[in-house]
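Peer 1: Chains as they are written, first to last, in our numbering: chain U, 8 to 344; chain F, 2 to 337; chain P, 425 to 758.
If you're looking for bench data, these hints aren't it; they were derived computationally from the structure. Beta carbons are placed, not taken as given, at the ideal position from N, Cα and C, and that holds for glycine. Hints are not guaranteed to be accurate.
Said to hold, decoys possible - Taking CB as the label site, the calculated pair distances span:
| id | chain 1 | residue 1 | chain 2 | residue 2 | range |
| --- | --- | --- | --- | --- | --- |
| 1 | F | Arg134 | P | Arg447 | 30 to 40 Å |
| 2 | P | Arg579 | U | Ile210 | 54 to 64 Å |
| 3 | F | Leu127 | P | Ala740 | 56 to 66 Å |
| 4 | P | Ala740 | U | Arg10 | 40 to 50 Å |
Said to hold, decoys possible - A short, non-exhaustive set of chain F residues, derived as facing chain P with CB atoms under 7 Å:
| id | residue |
| --- | --- |
| 5 | Gln100 |
| 6 | Thr187 |
| 7 | Asp190 |
| 8 | Ala199 |
| 9 | Ala223 |
| 10 | Ile259 |
| 11 | Ser261 |
| 12 | Arg268 |
As a plain string of letters, each chain reads:
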Amino acid sequence: MSRFLIGRLGASLVSLFGASLVAFLILRLSPGDPARLFLGPFAGREAVDALRVELGLDGSLASQYLLYIANFLRGDWGFSYSTGQPVATLIARRFPATLELGLFAFLLAFVAAVALALVAAYRRGPTDAGARAVSFFAMGVPPFWFGLVLLLVFFEALGWLPGPDGRLSLRTIPPPAVTGFVTVDALLAGDGAAFRDALAHLILPGVTLALMPFSFLFRLLRANLIDIAREPFITVARSRGLTRWWAFVRHALPNAFLPTLTASGLLFGQLLAGSVLVERVFVWPGVGALVTDGVLKQDFSVVQAFILLSAVIYVLCNLAVDLIAGLIDPRVAGAAR
Amino acid sequence: MTGNVVLDIAGLSAEFATREGTAHVVRDVGFTVRAGEKVAIVGESGSGKSTFALALLGLLDPPGRIAAGAVRLDGRDLVGLGEGALKRVRGRSISLVFQDPMGALDPIKTIGAQLVDTLRRHQPGLSRADARRRAAELLREVEVGDAERRLDDYPHQYSGGMRQRVMIAIAIANDPDIVVADEPTTALDVTTQAQILALFDRLVARRGLALLMITHNLAVVANFCDTLQVMYAGRIVERGAVDAVFERPAHPYTEALIESIPDPARRGARLRTIEGLPPDLRRLPTGCSFEPRCPVGRGRPVCRTVAPPPVPLADRGPGAFAECHFAAERAGEGAA
Amino acid sequence: MSAVPARPLLEVRDLGKTFETTRRDASGGRETLRALDGVSFAVGRGRTTGIVGESGSGKSTAARALLRLIEPTQGSVTFDGIDLLALAPEPLRRFRRRMQMVFQDTTGTLDPRMSVGALIEEPLSVHRIGSGAERRAKVASMLERVGFDPAVARRRPHEFSGGQRQRIGIARALALAPELLVLDEPVSALDVSVQAQILNLLKDLQAEFAVSYVFIVHDLHVAEFFCDEIVVLYLGEVMEAGPSAALFGAPQHPYTASLVSAVPTVRRGAAPARRIILEGEIAPISGERPKGCIFRPRCPIGRDRALCADVRPPLATTAAGHAAACHYPGELAP
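When you get a sec, could you build the whole thing from the sequences and use the hints?
Peer 2: Spelled out as structure tokens, the structure:
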């Protein structure tokens, strides 16, 4: 197992190095002098030069990169020019909102994809055709447009769900922050009304964000299920006394799930990218909204931190997924020993 | 040494819907199998023998279906039963051994888990610990060494021959009345094949179970089974005691099959071949389905126009027959 | 082997092949797997040598090593007096037209996107033989020779049955008029009636083109029926070699005797008086080989004998052209 582990860790480090280099170069190659941008057009030349030295901008590109990595690891992610606050503080404040939405969307996508793929592969025929049409739609529709349509229907027209006003209605008193997840914090505080309100706010952005990963997971799982359903061990399982459905659930699903799991590491990238637009549409106070603001206001240190943070999350998720697959699949685990 | 009728198949037909019409893959097959009997169905690829095996256990999925007939297991007809009723029969009264590609066992579950699951599915009262003990006993019965430890191994850690032993352990776990074995030794080496056949022999003798072996290998049948049934284009065209059929095949197809096996005693001689291809099962001829390839009947008006009825050949074992217009004279030729 | 004419077409001497595995041994080096060890045999002109053995016996490795499709790690292969292992890549490539191979798996070895005509023509154009028109005429005559209407040249492999595809494979291999054809289980995937057609065809073609065959086969009936000489392999070593009739009629090595005894036969009268059922299964040996007989762990007569445990039996002549690697040849009869 250890060689398998070392190999995967090595690959992850290489990915991270690449991502950090890109993030670093984006800021270095972007127009304008960061020190000048930060201090504004009326600051004196001496002050700008002093800040350049303080920021390490006078050194070589390599030493600047090393300084940048060292700072990042220390939690010093630079200052936001537009707000004057440390980027780390800004992101830390908004990250739980993004994470809560992302996890909720992933859960929705996962449950829907597994259920629909199972039924589609089991029944085939018109059921399968219908399920594939749904997934095709989910893959093709632009999320921001779909988010607006959902708002029009379920908020404007029907009034069933809250509108784009963040994580809670204005009337609702936020529960004391413990985890940063409003739903969890509401439950911890025993505040049922706040929990229902938080959940209602999650539904529309959650569904919008879930579209892409749902479609991805569904198509992969369905194809794997159909392949594995043809394997002799499914027929053998039925000949042992399992119904066709249970042979599907007990034997086809776990086997189909393995390759799906490995590929689903890619989903976290999709989720993070998707959240940038979806947070905008639903006025969700997350990192995504921060980043769009950063881009519009040329606040590049925010964008840069987001890129590197996304890369770290993405690489960690993929690593975790690979390790879990390695642990579950006896053939991989055996070969790696 | 044989006992009660375990399996009684009557008029069983199975078909597949295809774009170019219905393929009649199994056509009006009927026979019985008694406890302690070893009955074979021999056929070439496309003869319908594997579809027949699946149909027996109600495992035929769309576009395939059973079109007619009855499969009576211990007197109860399985045809038309739903999955809910079939699941209580499969793996308990009738079970299946597949050809062993790697794929017959779930690759991500341990051998023990698959055995325990089979046991507890049909014996809900069995505790996990007891089921595990039973599973180890079963592995010992099929001669897998170090049984307790090997329960925790995965299929890929077993060799081909050992996996086939596990398949047999699973098949006999709930003491079934009949085991259907579809090409059980085809993927195995000859020394392993001999081991597996000897194991089957011991199990049949010890447990009195009935064995229905489905294979393309005539030689295995000649050495191992009591009754031979030859399948061609979805029908059993000849049935009889193994010795009698090999001695004097009554159906020209059976004869051609036997003679196309290389016989070292006739080194250098040309092998008998069967010209042409099996018929399209969607457009079967009105007469004998073997007629276009038959050295005896090709071109004869009776063979071309009249489907031959089964001609009983009583002195060649119980239920012996051949579906050939000339079966009686062919079977009698040698006796005279 | 005196049954073979004075100068055989192909002589294989002491052929060995060692693979490195991905596993590490105790000292940290890569574990090796000896797939072939000291394999020697000869093939006469216009004759057939069968290589028999169970899966894992090394018979396919032997076929590929003697054609240098994989590089042997020891030994020599002499083809018509030419040392094959000494040939540089380009001369070897040109030499290949004299020796061709037919595979068991016709689905994987005939490119599904190419027409049958293009498939048979390809080796001719690779070796730059004839003009385009001549090559097409050759394709047509080869197709006719294996029993097809030349018009099928336009069709693709998937339109044919397994037996028909095998005939296409044979036509393709014979198009270059090779002197040696290595047949790797050419009939194993076929129904018995189709197998008979292919075996008949191979016999006819051998008579017509005077081509020699190395026939890799696990079915002992086919081996005995079809081959002139037999080499029995076990874990990459020759257990026994000799003329087909003598070897199967009176096997000298206990492994051959067990194989012969284990094979079911349709002729009931010919069934062996007692059936020898070997215990265990063939299991590859990585790393150090045992110093004694490789077959000893499964041997019905040698398992407990000190000589078998300590000394590797050499391949010793037991009768004219017949040799067995056993300290007690002929002791176990089927």
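Peer 1: Next, verify each hint and record whether it holds.
Peer 2: Hint check results:
Our hint of 30 to 40 Å for Arg134 (chain F) and Arg447 (chain P) holds, since their Cβ atoms are close to 35 Å apart. Between Arg579 (chain P) and Ile210 (chain U) the beta carbons are some 58 Å apart, a value that agrees with the proposed interval 54 to 64 Å. Range check, Leu127 (chain F) to Ala740 (chain P): about 58 Å between beta-carbon atoms, so the 56 to 66 Å window is met. Separated by about 46 Å at the C-beta atoms, Ala740 (chain P) and Arg10 (chain U) satisfy the suggested range of 40 to 50 Å.
Taken as an interface hint, Gln100 (chain F) does not check out: its beta carbon lies about 13 Å from the nearest beta carbon of chain P, beyond 7 Å. A least Cβ separation of about 10 Å between Thr187 (chain F) and chain P goes past the 7 Å threshold, and the interface hint is therefore violated. Given hint, Asp190 (chain F) at the interface with chain P, holds; its Cβ is 4 Å from that chain's nearest Cβ, closer than 7 Å. At a threshold of 7 Å, the smallest CB-CB gap from Ala199 (chain F) to chain P is about 6 Å, leaving the interface hint in force.
With a cut of 7 Å, the hint placing Ala223 (chain F) at the interface with chain P holds, because the nearest CB-to-CB distance is about 5 Å. For Ile259 (chain F), the shortest C-beta to C-beta distance to chain P is roughly 6 Å, which falls under 7 Å, so the interface hint holds. The criterion of a C-beta within 7 Å of any C-beta in chain P is met by Ser261 (chain F), whose closest approach is roughly 4 Å, and the hint holds. Because the closest C-beta pair between Arg268 (chain F) and chain P is about 6 Å apart, less than 7 Å, the hint holds.
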